[in-house]
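**Student:** What follows is each chain in one-letter form.
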Amino acid sequence: MTQGQWIRRVVKPLVFVSSLVPFGLLLRDALGGGLGANPIEEITHRTGLTAITFLMITLAVTPASRLLRLGGLTRLRRMLGLFAFCYAALHFLTYLADQTVFAGTGLSLAAVTADVAKRPYITVGFTTLLLLIPLAVTSTSGWVKRLGAKRWQALHRLVYVAAAGGVLHFLWLVKADTRLPVAYGVVLVGLLAYRVVAQRIRRRGRAAASPHSLPTTNSAVRG
Amino acid sequence: MIGITYRCRRTTFDAGATHWGDDMLIKRPDDIKASEITDEALYWDRRRFLGAAAAVGAAVAVPGLLGACHRAANGEEMPARQDDELTPYEDVTSYNNFYEFGTGKDDPKRHAHTLRTRPWTVRVEGEVHKPATFDIDDLWQRFPPEERVYRLRCVEAWSMVIPWLGIPLKDVLAAVEPTSHAQYVELTTLHDPEQMPGQRRNVLPWPYVEGLRLDEAMHPLTLLAVGLYGNELPNQNGAPIRLVVPWKYGFKSVKSIVRIRLVRTQPLTTWNVSAPHEYGFYANVNPEVDHPRWSQARERRIGDLFKRPTPMFNGYADQVAQLYAGMDLRRLY
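Which chain is which? The protein sequence lines are F and C, in order.
For what it's worth, the working numbering labels the leading residue of the first sequence as 1, then goes sequentially.
For what it's worth, the working numbering labels the leading residue of the second sequence as 1, then goes sequentially.
Heads up, some of the hints might be wrong.
[Said to hold, decoys possible] In silico SDA-like links for lysine to any residue, alpha-carbon gap of 20 Å or less:
hint : chain 1 : residue 1 : chain 2 : residue 2
1    : F       : K150      : F       : Y160
2    : F       : K175      : C       : G280
3    : F       : K118      : C       : A157
Don't read these hints as lab results, they were simulated from the structure.
Please build the complete structure, drawing on both the sequences and the hints.
**Tutor:** Next up, the structure:
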């Protein structure tokens, strides 16, 4: 098998099944009473944490494929991104149910909009979900053609904003223990820093490769 | 109204509990097998039985609640408060905020076994005529704990109903005779990172300190709890002695207390120092004053799916509202 086939036929199905594990555990605990004393809070926390974890994993695909020289890994990116979106949507739906169905105040969306507008961490979390929607919708290859690779790529850079929004949302909601959200923040900064550095190196490489510069540096920079 | 009858029921049981303490060994949590822990329904039946005979005596013992208790003692049907059922023991002892053992709700139960609750002393000092150091076992002897069923409302908008065993703080304070300068009471948790691993990280400024105005501390509802569900406090619930102030958010109810100090000025309290715009000194349960990040208008009773409205002062307004007459509770949250 070529590397591409190996990733498509073995790695991708494995990653797909693994990505369902958090959902499976949630179902198991929901049915088996394993969600503790405050199940809705537990579901909210777990889906949120899973969503932001998948966002980070998605952002780690490109650096990993470059650093490990496994170009085929990028075939996993769309699927992982869609899982991030699905868990974020579950997270939001849990919040929505908590604010409406389970609020005991009747089904008033006005209360939800008020909550979203009034509380900064919810505003940020909601915006993050909104940003992920167009990315999920345009994740198909059909949409890449329709938009053209350049515009598609520009649109999908929104994922950086979404990831930052997710971390900020997490940071603003904890009461005192910021350890975990800060850890996610550090990971995100690392993933973004990699891109900045890699892009600089590529630009320098291109400049070096142009006819006016010395050709000797070219291969070194590429490596 | 409903709150009163409910509490009356609880005072009813005060006498029952005293009687209970005489002839029944109150066990330490370590000694109890899971099968021995009283089931909530059984627990109520036993209390009801004991309570019927003791209602009048208890009503006299706690004058503030007299009116309400007379009604119950006269045989009036106590309104069934389906929604104020006891929170199961399992939930009360596995879903805790006790950052000294970690910030997750399940951390205290997992980690609090490192806390050594014997020997344990509580130093009561400051603006008092007779400062004293109470050994926890002597405290039990000297002030036989009463049973009180209170609602507990967490600032995070969830709540429980817990049958505490406790000593009114006012009784302990009276024993040390506060001076005329005493204006506030400051209560401090043990500070020992060896026993309390959560204190190895500066999540909060340790040790945990809470405080009350003297009149709040002297209020008959204010309790030093030493047990729950008829047994000694499990470590994760603040063993061996903790504060319970049922009309204030849970974080006021400082756990594993080693020092009580009567002071002249308002003490610096942990959450208030840590995030002053979110947690005030008073921290009275107030559905009209939101936490900056969430609404306090409603709460989820642990075990319920649907939220319920939060009453002013957690339903204890008739007993405590006069303490705050003329105060702007929006400003002094």
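**Student:** Take the hints in turn and mark each one as holding or not.
**Tutor:** Taking the hints in turn, this is what the structure says about them:
no., hint, in the structure
1, F:K150 - F:Y160, "17 Å, holds"
2, F:K175 - C:G280, "14 Å, holds"
3, F:K118 - C:A157, "17 Å, holds"
When each numbered hint is compared with the structure, no violation occurs for any of them.
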